[in-house]
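Fit chain D to the known structure of chain H by using the hints.
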Amino acid sequence: MQDDNKQQDKNVNKDNVNKDKESFLSNSLFENMNFLKKEFDSSSDLVYREFKINGTKSAIFNMDGLIDKSNLAASVINPIRKYTFSNKSNDEEKSPKEKYVYIRDNILSTADQVETKTYDEVIKFMTAGFAMLCIDGCNLILAIGIQGFSFRGISEPSNEIMQRESKEGFVEPLRINITMVRRRIRSPKLKFEMMTIGSITRTDIYVCYLKDVCSAGFVEKVRKKLNKIKISGILAAGYITEFLEESNNFSFFSSIGVSERPDTVCAKILEGRIAILVDGTPSVIIVPHLFTEYFQSFDDYTTKPYFATLTRWLKYISFFISTLLPGLYVSTVTFNPELLPNQLITKIAVSVATTPFSLMFEALLIHLIYEIMREAGLRLPKPLGHAVSIVGGLVIGQTAVGSGLVGEPTLMIVALTALSSYVIPNLYEPIAVLRLIFVLVGGIMGTWGIMLMFSAVLVDLCGKANFGIPYTSPISPFSWFGMRDVLIRANWKVLSKRLSKVQEMPGSNLR
Amino acid sequence: MRKLIKKSSQMITSMQAFIMLFVSQILLNLTYNPLMSAQNNMWDNTISTIVSFLLVFLSLIPIYLLYKPDENNNLIKKFTIYFGKTGIIISLIYALYYLFANCYSLCVFNIFIANVMSPNTSLWTVSLAVGLTSWYGASKGIEGLARASFIIFFMIIASIIFLFCALVPRIDKLNYTPIEGMNNVVSGTINMISQNFCMAAIVTMLPFVKGNIKNSIFFWNFLSHLFLVLIIFLTVGSLGDYLKTQMFPVYTAATIAEIGALKRLDSIFLGLWTTSLFCKISLFNFLISNIFKEIFSKKVAKNALMFSSIFLIIFATISSYNFEFLKFLYNSNFVFCFTILVTVILPCFLLCFKRTKKV
Numbered sequence: 004m005q006d007d008n009k010q011q012d013k014n015v016n017k018d019n020v021n022k023d024k025e026s027f028l029s030n031s032l033f034e035n036m037n038f039l040k041k042e043f044d045s046s047s048d049l050v051y052r053e054f055k056i057n058g059t060k061s062a063i064f065n066m067d068g069l070i071d072k073s074n075l076a077a078s079v080i081n082p083i084r085k086y087t088f089s090n091k092s093n094d095e096e097k098s099p100k101e102k103y104v105y106i107r108d109n110i111l112s113t114a115d116q117v118e119t120k121t122y123d124e125v126i127k128f129m130t131a132g133f134a135m136l137c138i139d140g141c142n143l144i145l146a147i148g149i150q151g152f153s154f155r156g157i158s159e160p161s162n163e164i165m166q167r168e169s170k171e172g173f174v175e176p177l178r179i180n181i182t183m184v185r186r187r188i189r190s191p192k193l194k195f196e197m198m199t200i201g202s203i204t205r206t207d208i209y210v211c212y213l214k215d216v217c218s219a220g221f222v223e224k225v226r227k228k229l230n231k232i233k234i235s236g237i238l239a240a241g242y243i244t245e246f247l248e249e250s251n252n253f254s255f256f257s258s259i260g261v262s263e264r265p266d267t268v269c270a271k272i273l274e275g276r277i278a279i280l281v282d283g284t285p286s287v288i289i290v291p292h293l294f295t296e297y298f299q300s301f302d303d304y305t306t307k308p309y310f311a312t313l314t315r316w317l318k319y320i321s322f323f324i325s326t327l328l329p330g331l332y333v334s335t336v337t338f339n340p341e342l343l344p345n346q347l348i349t350k351i352a353v354s355v356a357t358t359p360f361s362l363m364f365e366a367l368l369i370h371l372i373y374e375i376m377r378e379a380g381l382r383l384p385k386p387l388g389h390a391v392s393i394v395g396g397l398v399i400g401q402t403a404v405g406s407g408l409v410g411e412p413t414l415m416i417v418a419l420t421a422l423s424s425y426v427i428p429n430l431y432e433p434i435a436v437l438r439l440i441f442v443l444v445g446g447i448m449g450t451w452g453i454m455l456m457f458s459a460v461l462v463d464l465c466g467k468a469n470f471g472i473p474y475t476s477p478i479s480p481f482s483w484f485g486m487r488d489v490l491i492r493a494n495w496k497v498l499s500k501r502l503s504k505v506q507e508m509p510g511s512n513l514r
Numbered sequence: 019m020r021k022l023i024k025k026s027s028q029m030i031t032s033m034q035a036f037i038m039l040f041v042s043q044i045l046l047n048l049t050y051n052p053l054m055s056a057q058n059n060m061w062d063n064t065i066s067t068i069v070s071f072l073l074v075f076l077s078l079i080p081i082y083l084l085y086k087p088d089e090n091n092n093l094i095k096k097f098t099i100y101f102g103k104t105g106i107i108i109s110l111i112y113a114l115y116y117l118f119a120n121c122y123s124l125c126v127f128n129i130f131i132a133n134v135m136s137p138n139t140s141l142w143t144v145s146l147a148v149g150l151t152s153w154y155g156a157s158k159g160i161e162g163l164a165r166a167s168f169i170i171f172f173m174i175i176a177s178i179i180f181l182f183c184a185l186v187p188r189i190d191k192l193n194y195t196p197i198e199g200m201n202n203v204v205s206g207t208i209n210m211i212s213q214n215f216c217m218a219a220i221v222t223m224l225p226f227v228k229g230n231i232k233n234s235i236f237f238w239n240f241l242s243h244l245f246l247v248l249i250i251f252l253t254v255g256s257l258g259d260y261l262k263t264q265m266f267p268v269y270t271a272a273t274i275a276e277i278g279a280l281k282r283l284d285s286i287f288l289g290l291w292t293t294s295l296f297c298k299i300s301l302f303n304f305l306i307s308n309i310f311k312e313i314f315s316k317k318v319a320k321n322a323l324m325f326s327s328i329f330l331i332i333f334a335t336i337s338s339y340n341f342e343f344l345k346f347l348y349n350s351n352f353v354f355c356f357t358i359l360v361t362v363i364l365p366c367f368l369l370c371f372k373r374t375k376k377v
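Protein chains in written order, with the working numbering: chain H, 4 to 514; chain D, 19 to 377.
Note that these hints are calculated values from the structure, not bench results.
These figures come from a predicted structure and were not determined experimentally.
Possibly wrong hints are sitting among the right ones.
Stated by the list, open to error - Which chain H residues face chain D? A few, computed with CB under 7 Å, are given here:
(1) 338
(2) 342
(3) 348
(4) 449
(5) 450
(6) 451
(7) 454
(8) 458
(9) 459
(10) 461
(11) 462
(12) 465
(13) 466
(14) 475
(15) 479
To be verified - In silico BS3-like links for lysine-lysine, alpha-carbon gap of 30 Å or less:
(16) 317(D) with 231(H)
(17) 372(D) with 103(D)
(18) 224(H) with 317(D)
(19) 233(H) with 194(H)
(20) 228(D) with 504(H)
(21) 227(H) with 375(D)
(22) 375(D) with 103(D)
(23) 316(D) with 227(H)
(24) 317(D) with 228(H)
(25) 233(H) with 214(H)
(26) 231(H) with 214(H)
(27) 311(D) with 228(H)
(28) 231(H) with 345(D)
(29) 316(D) with 224(H)
(30) 320(D) with 224(H)
(31) 231(H) with 320(D)
From the three backbone atoms N, C-alpha and C, an ideal C-beta is built for every residue, glycine too.
Just chain H, with the same shape it has in the complex:
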């Protein structure tokens, strides 16, 4: 008999050692608590409170700082204590499992309750801000949703400022972002599918789409891609975007859109796109993202069509100026000055003659200084940012020209280029790199080099597709229907006649 007991003890110990996160919960409160303590390595933010429910050992454990303590007291602990006092005599014959079910169904006043069966689930809910109610003798743990932690309030996103629209921007907590989308699209067809990515961070993400508008095949493709992601941690939306690109081929441009505005995201969802909300980041991913979308803004749809068309053309022109102008300037002045009018070329020639560097080097130098100033301005605290502007604008700008290090025309070209690049801020990254490449190519090869590089960039753009939709659609492959919101912004009477779904873009195989 003693041997049998020893054997049982040995088995229990062996079980404990072999227990992993995916194994089922034990009946013993002690074992369950021990496992969690061991998993969290007695981390100081693991909080637990032990008590008895009519003679049955119980405990509530949670992560410190992730729950609303007053809510825990009011909605969980107080009702359980009241129940304990009022049902002391009736409760003695109930098994732990019956007590658990009774408390779950009749005592607790919280709306969000989830029954967990495995250690993995317990850890997942605990780290998400749930309080876990564990009763000795019951192999289930109740996760009670009483999350409460401080977060940044809803404010206008500084990267996407609009004139007339909502001033709301996404925030870091996922649940609040979901409500912002749901409030705008009050349709039961709006679906949120939850997934967890990141082997260590276990970040919650939501795939959001409008059923019937977004094709089932497209949703399945996105799901598959997200499921394939093998990464230890997701701390920002940007961690996922590269996994969602169509192939591993290098490209300057991204076919994944990101927005911090709920209204923009909702507009994209209405067009059949899929939004991916990532916990802990105010940036929402939108797939697929077409090249023409860089030139559209939410403001376009609230202003008069003629003005929206004008601003859109300004954006197209700015894109070409910010990418090509410095390269064209360098190549024309270096290789084909005869193309320019005499008065202009005389002035440029005087400036080039008085500066020590070649035009290409001069342009590269000013661009480099500008990029350093921009980077410094971005990272510095706001009060110091003004100092950078003064140093950049006055000291470097004026003295560089005054001392004859750089020419005035080159400085003016770079200034115009920099200004133009801010008209389409989302395209800044490719523009900044391409600009430098075009300056180099223009300085070494001239106009033909620029045209060659331009063709290569064009093929890079046109060869891209994401989720079966060509990146340059509806320009190439061309569609008249799609063009109503590309080169012009048609009025709402025209736009509202037929919904423009992304899967109906020319060349799309997402039907």
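Quick look at chain D alone, frame taken from chain H:
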């Protein structure tokens, strides 16, 4: 015996195919020079254009007749199916032709840069830049190339209108002299057909195309010849006898054109040429890799693309430095024979073989 090949996953519409061929064909129009066929009256070549249009149209009929009953397989595949190892050699002749066409186009560009645009530029730089970018273009696939060609097409049309508006005031009707004789017309036709490399591209391109191929081929042929007539009309009218001494008549016409503050429009000409050259070499590189893919495997095709690009860079540069070798290799009659072999003789041979053996 017949292997059923799946229709390619990369598909382009017939309109895209027509535009891509048109953009590639612009190269011939921009660099057209009657001196290449030892004649100096460009105006006579308007008749040659009409004859060329008809002959190109006729020579494309066997290709179409071979393609239509079995749309999934291109001619290369059919040759390998019907003739086995001999078919592979015939397929390699096509790859060689495309490589030859690429070298020819790059050599002409090299000569232009070295002699006209910027004599100080190293030809190695030019070849390397063109070779690498078109390698990249070909690796992006036919869909990417077709979409890019569509955008380039509109840029070309806008530039042509711009050039046309600038050159029309300079036209002198006295420059249009009566046609001198049939010899010029014949040699002009040979010159035009020999440089019409896109005809051979159609041979292997068709299985990638969906839609009304007949119409798109007709429009490509018609518009590219119409465009050539327009170019001849403009250059002859604006340059007159001066063009008889010019190596690149269209370029010379662009240099004398001016609109507003812009004194010369040769940069527009150069832009057109470069983009067209890029499209053409990329397309032909893609077709070379496709031939190797059909005969061997994807991996071999990738390597073939790399080697053809490297060969293009080295061969085009070396031959550009040696004018005598260039003259020998790119002799109009030899190029004409090679073009006729791949676009007329081989397809007709296959068609006859099919009909007689009833395979």
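Quick check: which numbered hints come out false for this structure?
3, 21 and 28
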